[in-house]
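Chemist: Spelled out from the first residue to the last, the chains are:
There are 2 protein chains.
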Amino acid sequence: MNPLYTLNVELGDRSYPIHIGSGLLGNAGVFEPHVKNKAVMVCTNTTVGPLYLEKVSNTLRAAGASKVMAVTLPDGEEYKDWPTLQLVFDALMQNHCDRKTVLLALGGGVIGDMGGFAASAFMRGIPFIQVPTTLLSQVDSSVGGKTGINHPLGKNMIGAFYQPQMVVTDISTLNTLPDRELSCGLAEIIKHGAIADVDYLADVEKSMPQLLARDPETLARVVKRSCEIKADVVSKDEREGGLRAILNFGHTFGHAIEAGMGYGQWYHGEAVGCGMVVAAEVCRRMGRLSANDTNRLKTIIIAARLPAIPPKLGVDKFMELMAHDKKADSGSIKYVLLNGLGSSSTSPVDDALVRQTLQELGA
Amino acid sequence: MNPLYTLNVELGDRSYPIHIGSGLLGNAGVFEPHVKNKAVMVCTNTTVGPLYLEKVSNTLRAAGASKVMAVTLPDGEEYKDWPTLQLVFDALMQNHCDRKTVLLALGGGVIGDMGGFAASAFMRGIPFIQVPTTLLSQVDSSVGGKTGINHPLGKNMIGAFYQPQMVVTDISTLNTLPDRELSCGLAEIIKHGAIADVDYLADVEKSMPQLLARDPETLARVVKRSCEIKADVVSKDEREGGLRAILNFGHTFGHAIEAGMGYGQWYHGEAVGCGMVVAAEVCRRMGRLSANDTNRLKTIIIAARLPAIPPKLGVDKFMELMAHDKKADSGSIKYVLLNGLGSSSTSPVDDALVRQTLQELGA
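Chains A and B supply the protein sequences, listed in that same order.
Start counting the first sequence at 23; every next residue gets the next number (the working numbering).
Start counting the second sequence at 23; every next residue gets the next number (the working numbering).
A few of these clues could be false.
Identical copies look the same in the list; a pair holds intra-copy or inter-copy alike.
[Stated by the list, open to error] The list that follows gives simulated cross-link-like pairs (lysine-lysine, BS3-like), each with its CA atoms no further than 25 Å apart:
(1) K356 with K89
(2) K320 with K339
(3) K60 with K356
(4) K122 with K177
(5) K320 with K228
In short, the hints are calculated from the structure, not lab data.
With these hints in hand, go ahead and build the complete structure from the sequences.
Modeler: Here it is as structure tokens:
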């Protein structure tokens, strides 16, 4: 059984493949090049572990791993912290792991971020394999090498840029994904089309029923194209110097929604979906996006079962939360703006215009 | 006032200069290129802070830093842990630092390692300046980019390879260094000569009285040459694939002494000094080092006021501790061996020969 797609993320000597297909968790051949004769520590959580840990462990053994170990973390963004990360280091130390031990992250974005940071830091770096099991992590955090944990005063404040040796994306894992999380993945997928590829956006628009019905071939095609777009941006700007900022389309408003509502109330993808609607409305008022295109993007977001109306935080609160966001470099907020659908760039925006937009949208 | 020496550590786009001289802590010109119009967080400890923090802060302001902040950690290897590192992250967060904030580590090896790791991890990497104030950190940890903290079950197990933007080595800070720590720096200096440059070893041998008397010009010359040697090795093997292992000459035995005696009883440099004597004796028994050269190296180590007789841990305990050392890759211990003075390579050694050597030295 071969992957449906294999995509290479080009980062010089840190390049790595992403294998995308159905049933890859049972495919020893995919894992063999990176685990044969090696000890593997699987890092998963209490939700994903019961579903897939045994299967993955058996596959790793069939692929020739010399030893398969596991550490199961509690599930949830609230555990993306140092005490929980320490459980991974404890497991590595107690099992006498060394620099050749492979760390495999089996789970969604939180597990990928924590597993990646643990791999980057244990003995200053051990091999890392990512097996994302949510649509969001398959199209977003599995490309780009951002890893990390939260600080009590801010999200993702402590981490590393660390690339995996391989990403294995098994579309079948999406069959167990809650609807709300499927929609969150779709938010990032829509974003990729909006910022970089209007044809892709049209494909997503047209394929929305199949995507919501979790048709494996449609999902695989879309995951592949989203990874390509993100990989293209990341390979030009690995450490987030400039271009990579366009991936934050919808995120400035989205982060404010997440923080303002209290983390966990709105999911990240929901906040980003709504944030894109707000951002598009800003673009429309700036004459960068037609009324038609603005409505089209909003309709796609709603079709993905994402919220399009911002919560009533109050405009002042919204502005204050955005100013605190870490993307606010040296004072002025840089927004990601569309120049028509499928093209984007960053720019400051007049505060009054942002305030007016938020006001009119009922924020 | 110019530095006496400026040395460039060649690591492609991660290259950086080391400035070496007397009185550099008061030299705004040296700091200006990296701190002008930037916020700087100085990370120091309760021993070094009272001596030099005010001076450095004034210099940074004179160099045009937009804001100078400080976080003072408790002093000692026992604080090289996560809760203490967290104090640095807390200070960075509470002061609303961003990606452009410069972290400056002012202190010895522990401060350099922790400050460097904090800089590598805060927002996935902020600019880092190292100001080493001990001889050991000036010749050792300021070159190579190894940063990190200890895990309860092992030293330096959690960290990153992260290069500073600049190292400022002020020889004057050695005037306040305790004698025992001066000797620890000399251990690594002797090691550099022994593994890579017999002429340098001869210079150190001849200059020992001036070094012990802390003559600034002699110290600066020796710090420079030691940094050159280490930089040469590191630039050929940044992430410790192979060659870099020769820098561990004396360390396999040294780590066993440190661990066996309880950390803090023997200082690292003392254990390495003694470890080099044991390693040289192993080399002599293998026919790699003449009796004359073995005695010469031992005499230099003793002249540096370092211990040459291993503690009575018992041979079995010694062997067990070495097997647990992280340099023991996949089972067999690789020793760093001299091929005459000034040349080195790594190789396994017959256990019986190591045991016999330890036995005869009274370990």
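Chemist: The structure should be examined with respect to each hint, and the outcome stated for every one.
Modeler: Status of the hints after comparison with the structure:
no.	hint	verdict
1	K356 with K89	between (48 Å within a copy, 23 Å between copies)
2	K320 with K339	within (24 Å within a copy, 70 Å between copies)
3	K60 with K356	between (45 Å within a copy, 20 Å between copies)
4	K122 with K177	between (30 Å within a copy, 18 Å between copies)
5	K320 with K228	within (14 Å within a copy, 79 Å between copies)
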